[in-house]
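Peer 1: So the sequence lines, in the order shown, correspond to chains A and B. Oh and the first sequence: position 118 is 118 in the working numbering, straight run, nothing missing. Oh and the second sequence: position 177 is 177 in the working numbering, straight run, nothing missing.
Be careful, since some hints might not be right.
Stated by the list, open to error - Result set (DSBU-like, lysine-lysine): computed pairs, CA atoms no more than 30 Å apart in a straight line:
(1) K392/B x K251/A
(2) K154/A x K248/B
(3) K143/A x K7/A
(4) K217/A x K226/B
(5) K185/A x K363/B
(6) K298/A x K323/B
(7) K10/B x K6/A
(8) K3/B x K154/A
(9) K248/B x K252/A
(10) K243/B x K6/A
(11) K226/B x K154/A
(12) K6/A x K363/B
(13) K58/B x K7/A
(14) K252/A x K363/B
(15) K43/B x K6/A
(16) K154/A x K59/B
(17) K183/A x K154/A
(18) K203/A x K248/B
(19) K58/B x K11/A
(20) K440/B x K203/A
(21) K217/A x K57/B
(22) K251/A x K227/B
(23) K251/A x K59/B
(24) K243/B x K79/A
(25) K217/A x K363/B
(26) K57/B x K203/A
(27) K243/B x K252/A
(28) K217/A x K11/A
(29) K248/B x K288/A
(30) K227/B x K154/A
(31) K6/A x K58/B
(32) K59/B x K203/A
(33) K252/A x K58/B
(34) K298/A x K277/A
(35) K323/B x K288/A
(36) K243/B x K203/A
(37) K226/B x K297/A
(38) K154/A x K440/B
(39) K402/B x K392/B
Think of the hints as simulated: they come from the structure by calculation, not from any bench.
The chain contents come next:
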Amino acid sequence: MSDGPKKAISKITKGFAKHGYICSDQISTAVYLASELEKPILIEGPPGVGKTELANTAAMYFKKELIRLQCYEGLDESKALYEWRYGKQLLYTQILKEQMQEVLEGAKGLKESLGRLMKFEDIFFSEDFLETRPLLKALTSDKGSVLLIDEVDKSDEEFEALLLEILSEFQISIPELGVRKAKVKPLVMLTSNNSREIGDALKRRCLHLYIPFPEAKLERQIVQARVPEISESMQIQLVNFVQGIRELDLKKQPAISETIDWAKTLILLNSEELDAKLAEETLNILLKHQQDIEVVKKEIPALISSATETSDGKSIN
Amino acid sequence: MEKVLTDFVKALRNSNVRVSPAETLDAMSVIDEVGYDDRELLKRSLSIVLPKTPDEKKKFEICFDDFFTDEIKEQVPVALKELKDIEDVKSDLAKTLLEGSQAELMLSIADAAEASEIREIKYFTQRSVFTRRILEKMGVGKLEDELMQIGSLREEDIPTDLEQELRNQLTGLRERVSDYVQQQFLLHGDVSGEQLREQVFKSMNMAQIDRSYLHEVHSLVRRMAKKLANLHSRRKKNYRRGKLDIRKTIRENWVNQGVLFNLSWSYKKVDRPKIYVICDVSGSVGAYARFMLMFLFSLTEVVSKLRAFVFSSNLGEVTDEFKDSNLDSAIESALQKYGGGSTDYGQALTDFVSLCIDEIDKKTTVVILGDARNNFGPEKAHLMKIINERSKQVFWLNPEGKYRWDTGDSVMTTYSAYCTKVFQCGNIDQLERVVSTLLKTAI
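Model the full structure from these sequences, guided by the hints.
Peer 2: Written as C-alpha cells, this is what we have:
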C-alpha cells in the first residue's frame with residue numbers, strides 16, 4: 001500500500017504539536033483512524049494525562065466546533081439530547097384557543113368541528129419547540145463538530161444505553177418527530193477515568209485508546225511545549241524527578257498536568273537548579289495526598305541525585 | 001489476506017482477549033486503510049480496534065509479536081542453486097526441498113501437520129512433540145539416512161555442494177515447522193493455560209492452592225466479585241424509584257404556570273448493607289480466611305460498610321489495613337499479627353461483643369468463617385445468641401466437609417443453633433455461591 005496513512009498520521013502529530021499538544025504515535029494513529037473510519041474513540045487513562053485536552057486540540061486541528069457534554073450521575077436525555085420548550089408550548093396553546101374561534105366559526109355539529117380541527121396545522125410537537133442539547137446539537141451541526149462526552153464512567157448505565165444509537169448510527173430517534181440523522185458525522189470522543197467498568201456494548205462500538213503516563217522523552221517534549229521558558233537542564237531534571245516518583249508506590253501518581261504545574265511553579269520561583277529543599281517545599285503541587293508526600297519526602301535525596309545524574313549523562317552525549 | 005486476520009483474531013481470543021465479530025469487521029476496514037506493509041503501524045492500528053482494556057492491550061502485544069513473526073520470514077525466498085548431481089537424490093523430501101516451490105513445501109507441512117492431528121495441541125509443552133511428529137511424517141528420517149550415505153561415500157572431508165545445500169535446507173525446514181507449530185498452538189491451544197488453571201482453582205480445596213498461584217487466584221476472585229457486584233448493583237437500582245413527590249413536582253413546574261409537565265419522584269434511600277466478617281486465622285483455617293477476605297474486599301462497590309475482624313485467640317479489627325494497603329501485604333500482616341495461635345472462640349466472641357455489639361443493628365449481616373474447633377475451651381454460646389438477636393442474620397461458613405463437623409473438638413452444632421444459615425465453604429466455587437446468597441439477602 002501507499003505511504004498515505006503514514007504521511008497523514010505524521011501530519012496529525014505535527015498539526016497537534018502546533019496547537020501545543022505533543023502526542024505519541026499511538027494517539028495520532030487513533031485520531032487518524034477515527035476520522036477515516038468515522039468511528040467514536042473511547043479514551044481511557046489515569047487522570048491528568050490529557051484526555052480532555054486531546055478533544056480540544058482535535059477540534060482546533062480540524063477547525064470544527066467543540067461540543068462538550070460533561071457526564072454525571074443522574075444525567076438524562078432531557079439534559080443530553082433534547083427538551084421541549086414547555087413555556088413556549090403553553091403560550092402556543094393559548095394562542096390556539098383564540099384562533100380556535102375563527103377556525104370553528106359557522107361549523108354545524110360536533111362532527112364538522114372535529115373535521116375542521118383535524119385540517120388545522122398542528123405544530124405543538126415540531127422543531128420550533130425543540131430545545132437542542134449537546135448530543136442533538138452535534139448531529140444537526142452543518143459544518144460537523146467534535147463531540148466530547150467527558151467522563152462517561154460517571155453517568156448511569158441507562159445513559160450509556162442511550163448513547164448506543166448515536167455512536168453506531170449517528171442518529172437520534174425522537175418519538176414525536178421521528179429519526180434525526182447526522183448531516184455531517186461528528187468526530188466523537190469519549191473519556192473515562194475507569195471509576196466504573198464501561199459496558200461491552202459501548203466499548204464494541206468505539207475505537208479504544210489508552211493513554212498511559214508518558215515516557216521521559218515524550219514528557220520532556222510536553223513540558224517544553226507547554227512551559228517554553230524553562231531551561232533545558234531544569235526541564236530534564238524535573239521530568240526525571242517526576243518519572244522517579246512514579247516508580248514509587250503511591251495513592252495517586254503525579255500526572256502530566258501536575259508536572260506542568262510544577263514546572264510553572266519553579267519558573268515563578270526563579271529557580272535554576274532542582275535541589276532537595278526546593279523539591280520538598282513544592283512537593284504539594286505534585287502530590288495531592290499527605291500520605292504520598294510523606295512517602296516521597298523520604299526518597300527526595302535519592303530522587304534528586306538520580307535525576308541530576310542522568311541529566312549530566314545526557315548533556316555529555 | 002483475510003484469512004490471516006481471522007486467524008489472528010482466533011489467536012487473540014485464545015489468549016483471552018474478547019473480540020466480537022463486529023470488531024473483526026472494524027479491524028478489516030482498518031487494514032484496508034493502513035495495509036500489511038508497515039508492521040509497527042499495523043500493530044498500533046489494530047491495538048486501537050481489537051483490545052479494549054489496558055490488560056487486553058498487553059496480551060494483544062504479546063500475541064501480535066508471536067503471531068506475525070514468520071509472516072515476514074516466509075517472504076524471504078530461498079535461492080535454489082544449480083546443482084550438478086541433483087538427480088542423485090532419492091528421498092521425496094529431499095526432492096521437494098531442492099526442487100519444489102515454497103508453496104509446495106508449505107502445503108506438505110500443512111498436510112503432515114493435519115496427519116499428526118495438530119488440532120489436538122493444548123499445552124505449551126507439547127510443541128516440541130508435535131514438531132518432531134510433523135518432521136517424521138514428512139520423511140526427515142529418510143533424508144537423514146541419505147545424508148549419512150552421501151557423507152560416507154565421499155572421499156574428502158569437505159562436504160559436497162549438494163550435501164551442504166541439503167543440510168541448510170533441513171535446518172530451514174526445522175525452523176519453519178517449529179514456527180508453524182507455534183502458530184497452530186496460538187490458534188488451537190490454551191495459550192496461557194489460564195482456562196485450565198482456573199477450572200482447577202475453582203474446584204480445588206482452598207487450603208491446597210499453592211502460594212505461588214496467589215496472584216492468579218486473586219485476579220480470578222476479583223473477576224468473580226465484579227460479576228456479583230454487577231448483578232447486585234443493578235437489582236438495587238430498581239428499588240430506587242419511589243412515589244410521586246408532589247411538593248417537588250409543583251415547585252419544578254411553577255415555571256409552566258403550574259401545569260404539571262415534569263413529574264418528580266421521591267427516591268427511596270437505598271440501605272447499603274453492613275457486613276461484619278469475623279475470620280478465624282488460626283493455623284487450620286488461615287488459608288480460607290485469605291480468600292474470604294480477598295473476595296469481600298473486592299466487593300467494595302456494592303458493600304460500602306464492611307468491617308473485618310480476625311482472631312485466633314484474641315480478636316482484632318483489620319478493616320483499615322485492608323482498605324488502605326494492597327491486599328497481599330494486608331493479608332500477610334493480618335495473618336502475622338493475629339494468626340497461628342491456638343483457637344479460642346469463646347474469647348473471640350467476648351472480644352467481638354465488647355468491641356462493637358452496639359453498632360450491630362437490624363441491617364447488619366454477621367459472617368463468621370471458621371471450623372468451630374475450640375480446643376475444648378468454653379464455647380460461650382450465649383454470646384452467639386446475643387449477636388443473632390441484634391443482627392439481621394448470621395452466616396457461618398465452615399471450610400471443613402460436613403462429615404467432619406462435630407468430630408473431635410468441633411462444636412459446630414452448638415453454634416449453628418444461633419446461625420441463620422450454615423454453609424460448607426471449601427473451594428472458590430462454593431465461596432462464590434455463599435457470597436451471592438449473602439448479597440441477595442443482605443440488601
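Peer 1: All the hints need checking, so say for each whether the structure fits it.
Peer 2: Results of checking the hints against the structure:
{"no.": "1", "hint": "K392/B x K251/A", "in the structure": "35 Å, violated"}
{"no.": "2", "hint": "K154/A x K248/B", "in the structure": "25 Å, holds"}
{"no.": "3", "hint": "K143/A x K7/A", "in the structure": "25 Å, holds"}
{"no.": "4", "hint": "K217/A x K226/B", "in the structure": "37 Å, violated"}
{"no.": "5", "hint": "K185/A x K363/B", "in the structure": "51 Å, violated"}
{"no.": "6", "hint": "K298/A x K323/B", "in the structure": "23 Å, holds"}
{"no.": "7", "hint": "K10/B x K6/A", "in the structure": "28 Å, holds"}
{"no.": "8", "hint": "K3/B x K154/A", "in the structure": "40 Å, violated"}
{"no.": "9", "hint": "K248/B x K252/A", "in the structure": "40 Å, violated"}
{"no.": "10", "hint": "K243/B x K6/A", "in the structure": "59 Å, violated"}
{"no.": "11", "hint": "K226/B x K154/A", "in the structure": "18 Å, holds"}
{"no.": "12", "hint": "K6/A x K363/B", "in the structure": "61 Å, violated"}
{"no.": "13", "hint": "K58/B x K7/A", "in the structure": "27 Å, holds"}
{"no.": "14", "hint": "K252/A x K363/B", "in the structure": "34 Å, violated"}
{"no.": "15", "hint": "K43/B x K6/A", "in the structure": "13 Å, holds"}
{"no.": "16", "hint": "K154/A x K59/B", "in the structure": "27 Å, holds"}
{"no.": "17", "hint": "K183/A x K154/A", "in the structure": "29 Å, holds"}
{"no.": "18", "hint": "K203/A x K248/B", "in the structure": "37 Å, violated"}
{"no.": "19", "hint": "K58/B x K11/A", "in the structure": "28 Å, holds"}
{"no.": "20", "hint": "K440/B x K203/A", "in the structure": "29 Å, holds"}
{"no.": "21", "hint": "K217/A x K57/B", "in the structure": "22 Å, holds"}
{"no.": "22", "hint": "K251/A x K227/B", "in the structure": "26 Å, holds"}
{"no.": "23", "hint": "K251/A x K59/B", "in the structure": "26 Å, holds"}
{"no.": "24", "hint": "K243/B x K79/A", "in the structure": "23 Å, holds"}
{"no.": "25", "hint": "K217/A x K363/B", "in the structure": "54 Å, violated"}
{"no.": "26", "hint": "K57/B x K203/A", "in the structure": "14 Å, holds"}
{"no.": "27", "hint": "K243/B x K252/A", "in the structure": "42 Å, violated"}
{"no.": "28", "hint": "K217/A x K11/A", "in the structure": "20 Å, holds"}
{"no.": "29", "hint": "K248/B x K288/A", "in the structure": "39 Å, violated"}
{"no.": "30", "hint": "K227/B x K154/A", "in the structure": "19 Å, holds"}
{"no.": "31", "hint": "K6/A x K58/B", "in the structure": "24 Å, holds"}
{"no.": "32", "hint": "K59/B x K203/A", "in the structure": "18 Å, holds"}
{"no.": "33", "hint": "K252/A x K58/B", "in the structure": "22 Å, holds"}
{"no.": "34", "hint": "K298/A x K277/A", "in the structure": "12 Å, holds"}
{"no.": "35", "hint": "K323/B x K288/A", "in the structure": "18 Å, holds"}
{"no.": "36", "hint": "K243/B x K203/A", "in the structure": "35 Å, violated"}
{"no.": "37", "hint": "K226/B x K297/A", "in the structure": "36 Å, violated"}
{"no.": "38", "hint": "K154/A x K440/B", "in the structure": "25 Å, holds"}
{"no.": "39", "hint": "K402/B x K392/B", "in the structure": "25 Å, holds"}
The structure fails to meet hints 1, 4, 5, 8, 9, 10, 12, 14, 18, 25, 27, 29, 36, 37 from the earlier list, while all remaining hints are met.
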